[in-house]
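Colleague: Put chain B on the given structure of chain A with help from the hints.
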Amino acid sequence: MTNNSVDRLHVKYRLKLKRIVIKIALLTVVTFSVFILSLSVGSVHISFIDVLLALLSKLGITNYDLGSLGKVVLGIRFSRTMVAILVGSSLAVSGVLIQTTTRNPLAEPFLLGLSSGALMFLCISLIISPKIHMSSAAIMLISFAGALTALLVTMTISEFLGGTPLSLILAGIAVSAMFAGVSQLLAFIVQFKLNIPFLILLLGSFSNIVLTHVFIVSTSFTVGFIIALVISKKLNTLIFGDEHASQLGYNPKVLRYIAILTTSFLTGVAVSVSGLIGFIGLVVPHISRLIVGNDHRVLIPSSALIGGSLLCFSDIIVRYFSIQLGLGELPVGALMSIIGAPFFIYLLLKKMRG
Amino acid sequence: MVKIKISSLSFNYDSIQALKNVSVEFREGEMVGIIGPNGAGKTTLLKCIAKLLKPHKGVIYLNGRELWSISNKELAKILAHSLFEVPKGFNLTVLDFLLTSRYPYSKGLWETEEDLAVVEEALTMVNAKHLVERKMEELSDGELQRIIMAKLIAHQAKILLVDEPTVHLDLKYQLEVLSILRRISKTKNILTVMTMHDLRLASIFSDKLVLLHEGKIIAIGKPQDVLTEENIAKTYGVKVKILKHPKAGLIVIPLSTL
Numbered sequence: 001m002t003n004n005s006v007d008r009l010h011v012k013y014r015l016k017l018k019r020i021v022i023k024i025a026l027l028t029v030v031t032f033s034v035f036i037l038s039l040s041v042g043s044v045h046i047s048f049i050d051v052l053l054a055l056l057s058k059l060g061i062t063n064y065d066l067g068s069l070g071k072v073v074l075g076i077r078f079s080r081t082m083v084a085i086l087v088g089s090s091l092a093v094s095g096v097l098i099q100t101t102t103r104n105p106l107a108e109p110f111l112l113g114l115s116s117g118a119l120m121f122l123c124i125s126l127i128i129s130p131k132i133h134m135s136s137a138a139i140m141l142i143s144f145a146g147a148l149t150a151l152l153v154t155m156t157i158s159e160f161l162g163g164t165p166l167s168l169i170l171a172g173i174a175v176s177a178m179f180a181g182v183s184q185l186l187a188f189i190v191q192f193k194l195n196i197p198f199l200i201l202l203l204g205s206f207s208n209i210v211l212t213h214v215f216i217v218s219t220s221f222t223v224g225f226i227i228a229l230v231i232s233k234k235l236n237t238l239i240f241g242d243e244h245a246s247q248l249g250y251n252p253k254v255l256r257y258i259a260i261l262t263t264s265f266l267t268g269v270a271v272s273v274s275g276l277i278g279f280i281g282l283v284v285p286h287i288s289r290l291i292v293g294n295d296h297r298v299l300i301p302s303s304a305l306i307g308g309s310l311l312c313f314s315d316i317i318v319r320y321f322s323i324q325l326g327l328g329e330l331p332v333g334a335l336m337s338i339i340g341a342p343f344f345i346y347l348l349l350k351k352m353r354g
Numbered sequence: 001m002v003k004i005k006i007s008s009l010s011f012n013y014d015s016i017q018a019l020k021n022v023s024v025e026f027r028e029g030e031m032v033g034i035i036g037p038n039g040a041g042k043t044t045l046l047k048c049i050a051k052l053l054k055p056h057k058g059v060i061y062l063n064g065r066e067l068w069s070i071s072n073k074e075l076a077k078i079l080a081h082s083l084f085e086v087p088k089g090f091n092l093t094v095l096d097f098l099l100t101s102r103y104p105y106s107k108g109l110w111e112t113e114e115d116l117a118v119v120e121e122a123l124t125m126v127n128a129k130h131l132v133e134r135k136m137e138e139l140s141d142g143e144l145q146r147i148i149m150a151k152l153i154a155h156q157a158k159i160l161l162v163d164e165p166t167v168h169l170d171l172k173y174q175l176e177v178l179s180i181l182r183r184i185s186k187t188k189n190i191l192t193v194m195t196m197h198d199l200r201l202a203s204i205f206s207d208k209l210v211l212l213h214e215g216k217i218i219a220i221g222k223p224q225d226v227l228t229e230e231n232i233a234k235t236y237g238v239k240v241k242i243l244k245h246p247k248a249g250l251i252v253i254p255l256s257t258l
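Chain order of the listed sequences is A and B.
Counting along the first sequence from 1, when you hit position 14 you're at 14 in this note's numbering, and nothing is skipped either side.
Counting along the second sequence from 1, when you hit position 13 you're at 13 in this note's numbering, and nothing is skipped either side.
No lab work stands behind these hints, which were simulated from the structure alone.
These figures come from a predicted structure and were not determined experimentally.
A hint or two may mislead.
[What the hints assert, rightly or not] Now the stretches of chain A that chain B is said to cover, found in silico as 3 or more residues with beta-carbon under 8 Å: (1) 8 to 20; (2) 98 to 105; (3) 238 to 248; (4) 293 to 299; (5) 345 to 353.
[Said to hold, decoys possible] No more than 25 Å apart at the CA atoms, straight line, and that leaves these computed lysine to any residue pairs for SDA-like: (6) B:K47 <-> B:E114; (7) A:K16 <-> B:L144; (8) B:K88 <-> A:I157; (9) A:K350 <-> B:E138; (10) B:K135 <-> B:L109; (11) B:K234 <-> B:T43; (12) A:K351 <-> B:T43; (13) B:K158 <-> A:K351; (14) B:K244 <-> B:D198.
Don't be surprised by glycine CBs; every beta carbon is placed ideally from N, CA and C.
So that you can see chain A by itself, here it is in the shape it has in the complex:
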């Protein structure tokens, strides 16, 4: 029978939403597990139980003494882990926003030049005034401005190239290469001024993280994530075109500006603490769509969770192999490129053939 109550649309929809809630709960559990794992793995091993007990006593629930070495190690690792998760989440949410506003499944903050733009602005300002890295607010503002500038340059060039999905990517790659080139020269100079190794700035790493960085990214992520959630329902209409969004009562231009500013802020600040980490904003939204579908109200939170756990897990792998090989810290950005670039090629193939 077609009129069977199980066949009714609202029943099916309710069921679908219920499944999505369960999936997001599972993703939260995964993220938390990766968080605990990340606190445990390293040159000094701390068992899961110890990590959990230490966390609980930190919250005042139990009383457990990890010992002074354990406390120091856990403190450092906590900052590093939090930053890895928050940077991953920021980049993933940026990816969703930029893909939807450009209606381009290949768009990604790194490929569109936002990351290099932020890095270049940071390097320039550090050369002009090395004191700047003491001010969190200045760092956030400068990296935001850099990311935004790069994105606007990319979008302008893309318009001249005809505004197709591929022209956006090509313009982005060109802008990204240019800004990255300048950044490389500048970063080479900056390393002597700030005593941060050259490669860490360019390849992306979490090895020099301190508690201030946690503060910076948690602020930017909270702000960006809330804005993204507020516009999430409207984004569901924008993906079907400006004309569709405007007939439903929204202003597509305003919506796009908000999304572009949010993306630039999230990506810029992420780059300022972690260096260049690419492809996470490309891969995660696609994985997320496979799991929860296209509704931005659930796509954005699930992308944040997947992005956070994916980048944190990659950092665990990097740390593990760095210890095994005894060569010092490997850059996590390089690992992300190794995972992400083939995925990009796969999407390109699909695009060119379809």
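Modeller: Frame of chain A, contents of chain B only:
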């Protein structure tokens, strides 16, 4: 009561004048067909009525109020159109698309049971309930056109603006889509304005035809008054023979270009 009054409307794309001094009135329950050769300004007129393009001269009144003084939010409950795009590579589903048409009415974050009932009824009306989980980019032209009709129904607007509802469709779907439009326009007393290429279908399904040529209105009125051999020669530049058929409308037979 729904009424649109367009008074001496002009619109330019940069230096090209797309609409020149267009004045016309539409009212509820009417099926209006906008016809004319390529580049005559059919879609531009539709977009002006949809508040997507701001006219350079002239005014559009909706129930006596100036169109551009009505907020997008308010207009969203009165007017629906068929213009949208489906970006490839996102796997957007029919349900993703249809649910957005309920947004003007929703107060909370999520769709209510009623919203889903409206969407379901719309899908049933166009006989496309089985397509609800399908990906938009994988639909055939006929299926996509039916989904657009479902979207227009679910939107529950008083005015429907439909851009070329029969383009790319074979005979069966052409009739089906236009019959659906006529049914909703007559049963719900809706004003439907559609741009059309097929003159014979336009003559059957329109109460009123508007013939555009180079941005100007050449003729307005009942199909038999607008579709004359003289008017078509003047606008399309084609010599035609028009046959009247009691059931099949006006059959326009092209003989030669002028």
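Colleague: Now look at each hint and say whether the structure bears it out.
Modeller: Okay, the hints, checked on the actual structure:
1. Given as covered by chain B, the segment 8 to 20 of chain A passes the check, having 5 residues with a CB less than 8 Å from a CB of that chain where 3 are the minimum.
2. With 4 residues bearing a CB less than 8 Å from a CB of chain B, the segment 98 to 105 of chain A meets the requirement of three and the coverage assertion stands.
3. A stretch counts as covered by a chain when three or more of its residues have a beta carbon under 8 Å from one of that chain; for the segment 238 to 248 of chain A and chain B the count is 8, and the coverage holds.
4. For the segment 293 to 299 of chain A, the stated coverage by chain B is satisfied: 4 residues place a CB nearer than 8 Å to a CB of that chain, which reaches the threshold of 3.
5. Look at the segment 345 to 353 of chain A against chain B: 3 of its residues bring a Cβ nearer than 8 Å to a Cβ of that chain, three or more, so the hint holds.
6. Distance restraint check for B:K47 and B:E114: the Cα-Cα separation of roughly 30 Å exceeds the 25 Å cut-off, and the hinted pair is therefore not satisfied.
7. This hinted pair checks out: A:K16 and B:L144 have alpha carbons roughly 24 Å apart, not beyond 25 Å.
8. Proposed proximity of B:K88 and A:I157 is supported: the alpha carbons are some 22 Å apart, at most 25 Å.
9. At roughly 14 Å between alpha-carbon atoms, A:K350 and B:E138 fall within 25 Å of each other, so this suggested pair holds.
10. Our distance criterion of 25 Å between C-alpha atoms is met by B:K135 and B:L109, whose separation comes to about 24 Å.
11. For the proposed pair B:K234 and B:T43, the alpha carbon gap of about 20 Å is at most 25 Å, so the pair holds.
12. With a C-alpha separation of about 30 Å, the suggested pair A:K351 and B:T43 falls outside the 25 Å cut-off, and the hint is violated.
13. Between B:K158 and A:K351 the alpha-carbon distance is near 39 Å, which puts this suggested pair outside the 25 Å criterion.
14. Taken as a hint, the B:K244 and B:D198 pair is honoured in the structure, with Cα atoms around 16 Å apart against an allowance of 25 Å.
Figure legend: structure checked against the earlier numbered hints; hints not met, in rising order: 6, 12, 13.
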